[in-house]
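Engineer: Next come the chains, spelled out residue by residue.
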Amino acid sequence: MNWGLMLKAALEMWPATLMCGGLLFGVETVMAYVLPTFQAQFSNGMLQIEFVQSLVGAMLGVDASEAMGPQAFMAFPWVHPVVLSLIWSHAMICCTRMPAGEIDRGTIDLTLTLPVTRWTVLRSETVVWIAVGAIVLLSGFAGYMLGRSFVGPDSRPDIGRTMIVLANCFCLYLAVGGLAWCVSAYFDRRGPALAVMFMILLASFLLNFLGPFWNVADRLSFLGPLHYYLPMVVLRDGAVPWSNMAVLLTVAVVLWTAAGVIFSRRDICTV
Amino acid sequence: MAILETESLTRHYGVRRGIEAVNLSVREGSLFGFLGPNGAGKTTTIRLLLGLLRPTAGHAHIFGLDAWRDSSQIKHEVGYIPGDVRLHSWLDGNTALKLWGRIRRRDLMPEGRRLADRFSLDLSVKVRKMSRGMRQKLGLILALAHRPRLLVLDEPTVTLDPLMQSTFLEHLRELAAVGHTVFFSSHTLAEVESLCDRVAMIRDGKIVANESLAELRTHAGHEVTIRWREPLSADCAPPPALTLTEREPLLWHGRLDGPLEPFIAWLAGKPVEDLHLGRPDLETLFRHFYAPQDAA
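Chains as they are written, first to last, in the working numbering: chain A, 1 to 271; chain B, 1 to 296.
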């Protein structure tokens, strides 16, 4: 790793981190504060409707027909599309910077004519990305805890279980980032790299969402990262989802390594 | 001793031509000009030397190391500047020097400030507020601040004003005088002529000439324009070295081959109102001197 490259990456990533972290903090605060007020009404009323059960099940990845307690209900702030969009956007913004973004802007010419290997560039960028990713998720966690502090003790989710959800969410973030590195390593332009990432994540989201309604999607849902991210189960049962986290981390490592191999062997053309 | 060498260096872009079997040898401490019209393959050659492109065939060696495999090691002692420098918009000169210094693991600030004074650049201005010329100056400072053994310059003066071009070329001469090597790519013959001691010319991806500046001067000749105060008599013939392409009563235009002295002597006493002597542009040079050999 190279401290100069890490500093450069940090200077590049902080605006996105500040924006996504701040928004996530706000969204989590509001949700953690507002959602418990709907919990009883939602569990007793809305969840009796079969279609709503399916929708909630699709979002949370579990059978929602059973009564949803206050703890499990607080999984919503971790699976809401706005939250996932913010987390994924941050991963995509940071991980498509190098090399696709730098080739696009032409700045890679000077970066790669410095005395560093391409693997060193990727490693330095990755360390910073992991650090700022943790900051974004911790901002969300801080917002969640702040919102939680305003509700009654019965509605407050267990901190230990919430930490497990956070760890699972971080593994998801790393898997999405690994995919973004891989796509970015292949492209010369950031726009197409982001478009491909968007399509893949949208497909993954749809796969997960359509699973309860459509058998084919259900059978293929294991291909999407959301299949391995189940906050409600964690909040309800308190068990650490080791296998899910291992799958997400393995995907992250494999895709990141593929990105490194592609990047280290490819031609760099900015003209 | 050759600091930079290529052997049959070839690069194709699919079916598109890149460069073909380029052989170059650049001596340490020399000012080496790399001339060619736009699209000839200059930038491709440079990107291969810098390890940004992988050769289709052949090799490039810098400091005896392989330009692709040992690229990062080579770059400790290489400075590079493209024709149109693109830097992160949030950088300013001071931050860039600090960052580049950290990456290179040496303090670049003292030399960077000295160069900024010489090139009249305010290091506190953000890149996003800089003109192209200012960005180019910052790029030059970043390429020079670590005092590299080898400078690879890809049309570096395109965006500089004439005064700054002159300051920069003077700086390169000073560097070469103390043993630094300069690989200077350009499409302007006059620029290379004023700076370099050896020149290679590339056209359509192939090296068509690799010679000393003296040899180039012999080949290049001069473009001559003479404006007469009064018409010369019809039987007045031009000197043998002057080939006229345009002859009007008050205006002659043509190409002069060989030394200037006999031509100046021939002019003495004639009613010259104005005289212009210049180097031909690259295309003219290629057309007159290198195309026939190439075609042959």
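If you are wondering where the hints come from, they were derived from the structure by calculation, not from laboratory data. Backbone N, C-alpha and C define an ideal beta-carbon position, used for all residues, glycine too. One or more of the hints may lead you astray.
Unchecked claim - Here are some of the chain B residues that sit facing chain A, going by a computed Cβ distance under 7 Å:
#, residue
1, Ile46
2, Leu53
3, Thr56
4, Arg69
5, Tyr80
6, Pro82
7, His88
8, Arg102
9, Arg106
10, Leu275
11, His276
12, Leu277
13, Arg279
As the list claims (entries may be wrong) - Sample of chain B residues at the chain A side, in silico, Cβ under 10 Å:
#, residue
14, Arg47
15, Gln73
16, Val85
17, Arg86
18, Trp90
19, Asn94
20, Ile103
21, Asp107
22, Met109
23, Gly139
24, Arg149
25, Leu163
26, Ala209
27, Asn210
28, Ala214
Engineer: Please go over all the hints and tell whether each is borne out by the structure.
Structural biologist: We went through each hint and held it up to the structure:
1. With its C-beta approaching chain A no nearer than about 10 Å, B:Ile46 sits outside the 7 Å limit, and its interface hint is violated.
2. Taken as an interface hint, B:Leu53 checks out: its beta carbon lies about 5 Å from the nearest beta carbon of chain A, inside 7 Å.
3. Contact between B:Thr56 and chain A, as hinted, is not supported at the beta carbon level, the nearest pair being about 10 Å apart and thus beyond 7 Å.
4. Taking 7 Å as the C-beta cut-off, the interface hint given for B:Arg69 is violated, the closest approach to chain A being about 11 Å.
5. Evaluation of the B:Tyr80 hint against chain A yields a held restraint, the C-beta minimum of about 4 Å falling below 7 Å.
6. The interface hint given for B:Pro82 holds, since its Cβ lies 6 Å from the closest Cβ of chain A, which is under the 7 Å cut-off.
7. Given hint, B:His88 at the interface with chain A, holds; its Cβ is 6 Å from that chain's nearest Cβ, closer than 7 Å.
8. The beta carbon of B:Arg102 is positioned within 7 Å of a beta carbon in chain A (closest approach about 3 Å), and the interface hint is therefore held.
9. At about 10 Å, the closest approach between the beta carbon of B:Arg106 and any beta carbon in chain A exceeds 7 Å, and the interface hint on this residue is violated.
10. Contact between B:Leu275 and chain A, as hinted, is not supported at the beta carbon level, the nearest pair being about 41 Å apart and thus beyond 7 Å.
11. Nearest Cβ of chain A to the Cβ of B:His276: about 35 Å, over the 7 Å cut. The hint is violated.
12. For B:Leu277, the interface hint is violated, since its Cβ never comes within 7 Å of a Cβ in chain A; the closest pair sits about 35 Å apart.
13. Checking B:Arg279 against chain A by beta carbon gives a least distance of about 27 Å; that is not within 7 Å, so the hint is violated.
14. Taking 10 Å as the C-beta cut-off, the interface hint given for B:Arg47 holds, the closest approach to chain A being about 7 Å.
15. Interface restraint check: B:Gln73 against chain A, minimum CB-CB distance 7 Å, threshold 10 Å, status holds.
16. Using the Cβ-Cβ criterion of 10 Å, the hint placing B:Val85 at the interface with chain A is satisfied: the shortest such distance is roughly 7 Å.
17. Restraint check, B:Arg86 versus chain A: the minimum CB separation of about 4 Å is within 10 Å; hint holds.
18. At a threshold of 10 Å, the smallest CB-CB gap from B:Trp90 to chain A is about 7 Å, leaving the interface hint in force.
19. Nearest Cβ of chain A to the Cβ of B:Asn94: about 13 Å, over the 10 Å cut. The hint is violated.
20. A least Cβ separation of about 3 Å between B:Ile103 and chain A falls short of the 10 Å threshold, and the interface hint therefore holds.
21. Because the beta carbon of B:Asp107 sits about 12 Å from the nearest beta carbon in chain A, more than 10 Å, this interface hint is broken.
22. Evaluation of the B:Met109 hint against chain A yields a violated restraint, the C-beta minimum of about 13 Å exceeding 10 Å.
23. Given hint, B:Gly139 at the interface with chain A, holds; its Cβ is 7 Å from that chain's nearest Cβ, closer than 10 Å.
24. Annotation: interface hint on B:Arg149 violated; nearest CB of chain A at approximately 12 Å, more than 10 Å.
25. Among the interface hints, the one on B:Leu163 is violated; its C-beta lies about 25 Å from the nearest C-beta in chain A, farther than the 10 Å criterion.
26. Hint status for B:Ala209 relative to chain A: violated, with the closest Cβ pair at about 24 Å, above 10 Å.
27. For B:Asn210, the interface hint is violated, the least distance from its beta-carbon to any beta-carbon of chain A being 24 Å, above 10 Å.
28. Violation of the interface hint for B:Ala214 is found here, the shortest Cβ-Cβ separation to chain A being roughly 33 Å, above the 10 Å cut-off.
When each numbered hint is compared with the structure, violations occur for hints 1, 3, 4, 9, 10, 11, 12, 13, 19, 21, 22, 24, 25, 26, 27, 28.
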